[in-house]
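Keeping the supplied structure of chain A fixed, place chains B, C and D upon it in accordance with the hints.
There are 4 protein chains.
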Amino acid sequence: MINEQTKGVYTIAVTPFLPDGSIDWDSVDRMVDFYIEKGASGLTILGMMGEAGKLTAAESEQMVARVVARSTVPVIVGVSAPGFAAIKTLADGSMDKGAAGVMVAPPGSLRTDDQIRTYYRGIADILGDIPFVLQDFPLVTGVVISPSVILQIIADCPTCMMLKHEDWPGLEKISALRAASDAGARRISILCGNGGLYLLEEMLRGADGAMTGFAYPEMMAQVIAAAATDIERARDIFDAYMPMVRYEAQPGMGLAIRKYTLAQRGVIAHPTLRKPGAVLSDAACQEVNALASRQVARLRVLGL
Amino acid sequence: MINEQTKGVYTIAVTPFLPDGSIDWDSVDRMVDFYIEKGASGLTILGMMGEAGKLTAAESEQMVARVVARSTVPVIVGVSAPGFAAIKTLADGSMDKGAAGVMVAPPGSLRTDDQIRTYYRGIADILGDIPFVLQDFPLVTGVVISPSVILQIIADCPTCMMLKHEDWPGLEKISALRAASDAGARRISILCGNGGLYLLEEMLRGADGAMTGFAYPEMMAQVIAAAATDIERARDIFDAYMPMVRYEAQPGMGLAIRKYTLAQRGVIAHPTLRKPGAVLSDAACQEVNALASRQVARLRVLGL
Amino acid sequence: MINEQTKGVYTIAVTPFLPDGSIDWDSVDRMVDFYIEKGASGLTILGMMGEAGKLTAAESEQMVARVVARSTVPVIVGVSAPGFAAIKTLADGSMDKGAAGVMVAPPGSLRTDDQIRTYYRGIADILGDIPFVLQDFPLVTGVVISPSVILQIIADCPTCMMLKHEDWPGLEKISALRAASDAGARRISILCGNGGLYLLEEMLRGADGAMTGFAYPEMMAQVIAAAATDIERARDIFDAYMPMVRYEAQPGMGLAIRKYTLAQRGVIAHPTLRKPGAVLSDAACQEVNALASRQVARLRVLGL
Amino acid sequence: MINEQTKGVYTIAVTPFLPDGSIDWDSVDRMVDFYIEKGASGLTILGMMGEAGKLTAAESEQMVARVVARSTVPVIVGVSAPGFAAIKTLADGSMDKGAAGVMVAPPGSLRTDDQIRTYYRGIADILGDIPFVLQDFPLVTGVVISPSVILQIIADCPTCMMLKHEDWPGLEKISALRAASDAGARRISILCGNGGLYLLEEMLRGADGAMTGFAYPEMMAQVIAAAATDIERARDIFDAYMPMVRYEAQPGMGLAIRKYTLAQRGVIAHPTLRKPGAVLSDAACQEVNALASRQVARLRVLGL
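As given, the protein sequences belong to chains A, B, C and D, one line each in that order.
Using the working numbering, you'd call the opening residue of the first sequence number 1 and step up by one each time.
Using the working numbering, you'd call the opening residue of the second sequence number 1 and step up by one each time.
Using the working numbering, you'd call the opening residue of the third sequence number 1 and step up by one each time.
Using the working numbering, you'd call the opening residue of the fourth sequence number 1 and step up by one each time.
Note that these hints are calculated values from the structure, not bench results.
You can't tell identical chains apart in this list, so a pair holds if it fits in one copy or across any two.
Straight-line Cα separation of at most 30 Å, BS3-like style, residue types lysine-lysine; simulated pairs:
(1) 275 - 97
(2) 88 - 275
(3) 97 - 7
(4) 7 - 88
(5) 97 - 38
(6) 7 - 38
Chain A extracted, bound-state conformation (with noise of 0.2 Å):
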């Protein structure tokens, strides 16, 4: 289960597709033993970016129940829908096949504080003792989250365990979130997301890791595990890979160029999305190879 002191790398799974668009089971257990080698502390499916809202109840329940089944490490599940009962139906399935915990995104709907809090005292009634993520990416679902509002749903929702933070510019919000934990609120973890654009700033400012799936996961372990010992080494790292980094920040773009190299990397087997999804142009394919072909050779100067 995740607690308040969950660390470390949850990586967000795609959703591998066949190029029928079919869910292609081999990649899906490629790809939970490749994250897990790569330095995942656990894992993260059925999220905005493991296309959760494209596929069907029952493919949802099937996603969970293999990845459960091949994972070695923690697996957080996305539950996000429209309504509650949608929510509850999978939520409660995923921890019945042994999942670590649920996240919740806000219906884009919402929008005054009361209006927020009220929705997660909503969901932390419904789903019952089951530890859940609150996720804050503004973004994409149009909800703005005042730390004081995270805060009042940490103290209204004891199952609050984790933030997955991803609101852009968000630096400020770790810090106040640490300082009124320090000053005696309840503590949550605080993973992070924006595809890790900001991961090392993000460390300093208090984060307990990283929840994002860029293609190269290792450069969250790596940039995380050094930022402990060698802050210097750790810029090194996460400069090598900030190119890449970038490139697939590129929202709604983003989720193609990933399994573009996830697909190259030998992950998964096709890039394909399920429609309707982007397809990438050959002008990016050629742009990712040039990156990628920059990043390999600036990580052996680094002797990674």
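Showing chains B, C and D alone in chain A's frame:
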């Protein structure tokens, strides 16, 4: 099956719940009978006002089965979902059970004309020969569809049989579409929503009827019938219902008002919305009651 | 000066234009006289429906000078702008010319409660002792302000004297604010907008009057006067205007309808909106005419 | 005058303020000199990052006069405003003072292709023969403009000379526009924004240069110069600045970071943003300092 000539009143059905939030199947049956008795030429279920997003996939299937089995008029099923897989699953299941067509609203992420057109081409492709309704409801979806884009979709997708019209303002859109079909574009059915707030003008602009769920659905049948023969009487009827139509048209509160009235009329057993959902205050209930009692008096004068 | 007890009808004034788009000063004078004759206890100029955003800074100053000089009732000036400097310049200039207060809507970039509260603290700070109106119009601004935030602004800003209420739905908000002031919070004036569509219910919930620009502004004065003594007669009057109120309430088209009616009534010389602005179709003009003629008949029955 | 072939770096200028919020004219002069010394082939003032919305109309005129008088390179003036009258007034005044063109972003209320196209036809009409830049920045404006709409605007408006490109992702858009002009559409200048985060790829896709305000504007000139002769060196330079480019790219915080750096470099006297504006925390200042010091070292290796 719905087709390009479909006319009349397709009542948007609520989904009745018991106080504990489970579906109230007895009320479902009673509601189907009531709508048909009050002049529905068809029913539309699992729309936004049917709280479709709050149902599990299994419940949606059960609702379709129950209503189709009970109804003596055609049933359209709302199948909007974030991804094509869920849409196809529910659409296929609904048609197998005897539905007359499906309805699809655009996802809120669509912005440009190209994106909207591409989306509906994708929808038509996965639906195969299932006739579908294009739901145009910018106030809720955030997606604004211009008349030229609707005409492109009509040209692209031979299975697009109907527009659920609830752009606001939307009267010029009806005129533009009818001018286009008069000039040779394929003509499709236009049924209008917005709680009936502009029904009379919509009929005069060329609409084929209403698709909305005002808690006095006899209003739509009465106005449409009268409009064909005696426009002044149609206006008298329309105006008699207007204060209530306006009151129910409050977004966010509208469904709670509608269910309160349906419960007061004995159609459904409980006014319950599934969580998260609005709850009517005492003051609001009294406002509805005051409007209802004056409405009775006005209708009596009209012999209704 | 407006204050916490301000009551009655503050008519939202249009800005009349000549067909070439320049301001029609003769019509401005005639309009001021007309509004006052029809029962305005105050005027609000340079609001959204005054096409404030389409005027140059110089024209705004001229409009304030002209209306304040002509009016025998207090004038509130809309001063909303992207930055504080423009707000302060227009506010100071308006008060120097004799305005009774200013009105400020929140910029669309505000999202959280903290952001909204901080914004209005900044507004109060730059305005100094100028009394101001908080304009709460989420449909247009996109900023949703919960009752608790309004109460915080009231507590933070002693110069906030009035709420222009046009949240939708908004009846519960009036009740919540009045319950709070009954319990000891500072009471401010609440004048309601939304074209008058809910005026009767708003008065019963505790509003102090209307601030809206329906093209028959006598409606607001008549309903408010009757509501104080004979609620059934107030309802009769309100219902008589309802079909037209509803028709004018179409967003985007509403101002064109309003100006058409004001021109038909001889108040302004031309129905012109400054570009870019909506133009009424022939069909729409006929719809307005039909509604107007039936309205005359209904009012005659009421002795109005 | 800007034209369809304009190339190079048009630096987006900040507006320097004194701590009391008034414009710091000495810093304005120093900034103009600095930008030109660092390779600007033109300047763009009164853009979003120039805090244009926070200036009064009079201040905007003064800023144009001051910069145009000082600058030895062409000056583009941002004239975006809610209405045509303010746009025309500032545009005419700017050209009279010697500006080389104006820039117009779409108002956030535009949604459909038709609305966007109609808006720019209106803009071209009121601007007469003033050459203008179409600013395409959906992240801030909320208006998504597809390549086909840009091409329609180019066809409709012969005075549209340039695209300020900062759609995100936007690389495919550059390719699409260049493919269209290769196939016969009118070719216009494309200068890219987004803080330079994708500058290298943008140049390779066919952009004519940069229009952005990264606090090390020499980066843009250096990368563009190198890209023409030695692409690997261009990549080396680009990568050396990347961690800082990324850090400054944080929306909402970016301008405060930029002004802090410009103040640190001695270009402007104070990092002040006019209210309401972000203030940099101590932690953020230290992050900038750390990035700057490593950047110096990397550039030294490159002989820069």
